[in-house]
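Sequences listed follow chains A and B, in order.
Numbering follows numbering that gives the first Met the number 0, with no gaps: position 253 of the first sequence is 252.
Numbering follows numbering that gives the first Met the number 0, with no gaps: position 5 of the second sequence is 4.
Treat the hints with care, since some could be wrong.
As the list claims (entries may be wrong) - Every beta carbon over 10 Å from chain B, so not counted as near; a handful from chain A, in silico:
1. Pro37
2. Ile66
3. Phe143
4. Leu156
5. Val169
6. Arg212
7. Ala229
8. Leu318
9. Gly325
10. Thr344
As the list claims (entries may be wrong) - If you anchor each label on the Cβ, the simulated ranges turn out as follows:
11. B:Ile38 <-> A:Tyr84: 18 to 28 Å
12. B:Gly177 <-> A:Leu261: 24 to 34 Å
13. A:Leu236 <-> B:Glu197: 23 to 33 Å
14. B:Ser201 <-> A:Leu236: 45 to 55 Å
15. B:Glu197 <-> A:Phe232: 47 to 57 Å
16. B:Asp101 <-> A:Ala233: 44 to 54 Å
17. B:Glu79 <-> A:Phe232: 31 to 41 Å
18. A:Gly76 <-> B:Asp65: 21 to 31 Å
Since the hints were derived computationally from the structure, they do not count as laboratory data.
Backbone N, C-alpha and C define an ideal beta-carbon position, used for all residues, glycine too.
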Amino acid sequence: MQIHELVGAVHEAAWLPWAVQYFFLIALSATALLMALPGLALGRVAALPRARLALMVAVTTGITAPIALLADLHQPGRFWEFFLYTNSSSWMAWGAWFVPSYVGLIVAFAWAVHRPGLYALGQESWRFNWLFRWLSLGGASNGFVRPLGIAAGAAALLVLIYTGAEVYVVRARPLWNTPFLPLQFAATGFVGALGLMLVLERVLCREPALEARLNRALALALGVVAVLGAAWFALALSGLSPRHSEALASVAGFPVWQKIALWGAVSVAVPFVLALVSPSRTGWVTGLIAIHAAWMFRWTVFMGGQAVPKVGSGLYDALLPAGLDGLMGVIGTFGLWLFLLIAYTTFIPWTEASAPADGAVPARPATSH
Amino acid sequence: MDTNRRGFLGAMGRVTIGAAASMAGAGQSAQAATDKPHIPHWGMVVDLRKCIGCQACTVACIMENDVPEDSFRTHVSVYEVLKEGGDPAMVMLPRLCNHCDDPPCVPVCPVEATFKLETGEVVVDNTKCVGCAYCVQACPYDARFINHETQTADKCTFCFHRTSAGLLPACVETCVGGARNFGDLDDPESEVSRMLRENEVSVLRPEMHTNPNVYYIGLDAVLDGRVAGEAAYRPPLTTEPQAHGLGAEPQPQGEDA
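Put together the whole structure using the sequences plus the hints.
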């Protein structure tokens, strides 16, 4: 049988590249926060250098992500309705509560971690000491770091669960409706976060030992991504999971999707091998490829997924438009992140961040007020 | 309510008789008024044997509902189907919101802006919609879209503003061949109920278990889901499907359209 579609409607993508940016940044933030906890909330001194970079990534991407999310709404001015009319059957409605809680908690956690440093800068005799006295709220005590960190970690897990579930529950899109998707979002989130930490390490620290540690962690995360990907294909090809089989069948016949699959495999394999073979000299390359892999995964899932018709034939467009809803939005989001990164590294004594001793005693002598 | 335009014109002649009959039955009506009023459950039966693919319904819908450019609340997909040993056949498939009894678009809406009316229509309160497009993703029929004039979710309402006034939906009103039939599925005497009783009918994407209220007479199973085969639209940077789904032949990678 042959079927030729002669007249059909083309459906544009309803979730714009803003959504790709949001899911990319929030996954990086949540996974980075989880990597910051051992060093900064649980007091593992050996993990401190990595934790400082992780917290930097968590805060800067965590603040940028909701702005991209807001931009993806076609009626951004009505965002307050999320909190007035919460529909408990919608994962998105739950996310509207999880995301602000998470962002508030990571900012509070970061502030608590850096409070002794901010207070110390406020005590020195220099032009902007008034600013740091204000930022430290006049004290150095930070015994509440651990509960704040644990609360932020719980919120990060909720964010990872809701972002995965929100997309996974869409039965109408076979490519999204696979049980592995939430795990793949989380695993590629770790890959992207470690990639960004590697790049920041190269720019800000240049410590081969830290680079090697980050590269080994990246190799582990890439290994998990590879195992998940292989299991996804195995379930789809074997027919053990009809949902995975349907997802694969929805795109398998298209050469462009075959190239995307190959591209994805190379993006995982190359940094994996480099990170294992030469962990202390390849941070730039593995970091940039890892960031690219995490972003491309989301682009493929969201924009590629929306290019698969639900009832029509063939594929729709999945190109990046040049305007505010496309390329300019992507550049703008990264621009905002860069601004926050510059502000973070300029105003926050992040190199001194550490967990309070015994989880209750401030890292520096505190002055009671 | 009459089920299609021809039925409506035919009923014009029966108006005076009906008026006399209603006078005669006034006593019964008074008794019936004390009972719970019957609430219709609107549905549509599309007889594909009568659809000629003229797109009059598409245009009528756009004019009636002020549908923006490049968007459709309803349209007619047209396919050329060539079965083994047969001649090529043109097949028309009118598409619209199925006003499902278990609509996947409703539970995902984060702000409860989309809901199902007592009479069965799935509608959007566009003064409440935040334009998140989650419902657009959840609809298995691609029947929803973001209206870029209102920046909210938009879809077929079965012309609620017309049916509330006792009129037929615009697409039914204008259907040239009488393919689109609209009426009360809960009324066993309605034309649509009779059509459902007397014909073999099917729905789109039955595997989604959405319980649609749009039924088709004469729908080929190869068209009830995602339709395999060559697409009318070929975007840049993609090529022909090599072996996608049922009946697709391996294709050489040709020039993009």
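Cross-check of the supplied hints:
No Cβ of chain B comes within 10 Å of the Cβ of A:Pro37; the nearest lies about 34 Å off, and the non-interface call holds. No Cβ of chain B comes within 10 Å of the Cβ of A:Ile66; the nearest lies about 15 Å off, and the non-interface call holds. With a least beta-carbon separation of about 32 Å from chain B, A:Phe143 lies farther than 10 Å from that chain, consistent with its non-interface assignment. Non-interface status of A:Leu156 relative to chain B is upheld: no Cβ of that chain comes within 10 Å, the nearest being about 21 Å off.
Separation of A:Val169 from chain B is inadequate, the least Cβ-Cβ distance of about 5 Å not exceeding the 10 Å criterion. At roughly 40 Å, the least C-beta separation between A:Arg212 and chain B is larger than 10 Å, which holds for a residue marked as non-interface. Listed as a non-interface residue, A:Ala229 keeps its Cβ farther than 10 Å from every Cβ of chain B; the least gap is roughly 23 Å. With 10 Å as the threshold on Cβ separation, the claim that A:Leu318 sits away from chain B is violated: the shortest Cβ distance comes to roughly 7 Å.
For A:Gly325, the requirement that its beta carbon stay farther than 10 Å from each beta carbon of chain B is met, with the minimum near 15 Å. The claim that A:Thr344 lies off the interface holds: its Cβ sits roughly 34 Å from the closest Cβ of chain B, which is beyond the 10 Å cut-off. Range check, B:Ile38 to A:Tyr84: about 26 Å between beta-carbon atoms, so the 18 to 28 Å window is met. In this structure the supplied range 24 to 34 Å is violated for B:Gly177 paired with A:Leu261, their Cβ-Cβ distance being about 52 Å.
Against the hinted window of 23 to 33 Å, the Cβ-Cβ separation of A:Leu236 and B:Glu197 comes to about 45 Å, which falls outside the hint. For B:Ser201 and A:Leu236, the hinted distance range of 45 to 55 Å is not satisfied, since their beta carbons lie about 31 Å from each other. For B:Glu197 and A:Phe232, the hinted distance range of 47 to 57 Å is satisfied, since their beta carbons lie about 48 Å from each other. Between B:Asp101 and A:Ala233, the C-beta spacing of about 32 Å breaks the proposed range 44 to 54 Å.
Roughly 34 Å separates the CB atoms of B:Glu79 and A:Phe232, a value that falls within the hinted 31 to 41 Å. Between A:Gly76 and B:Asp65, the C-beta spacing of about 23 Å keeps the proposed range 21 to 31 Å intact.
The structure is inconsistent with the numbered hints 5, 8, 12, 13, 14, 16, although it conforms to all the rest.
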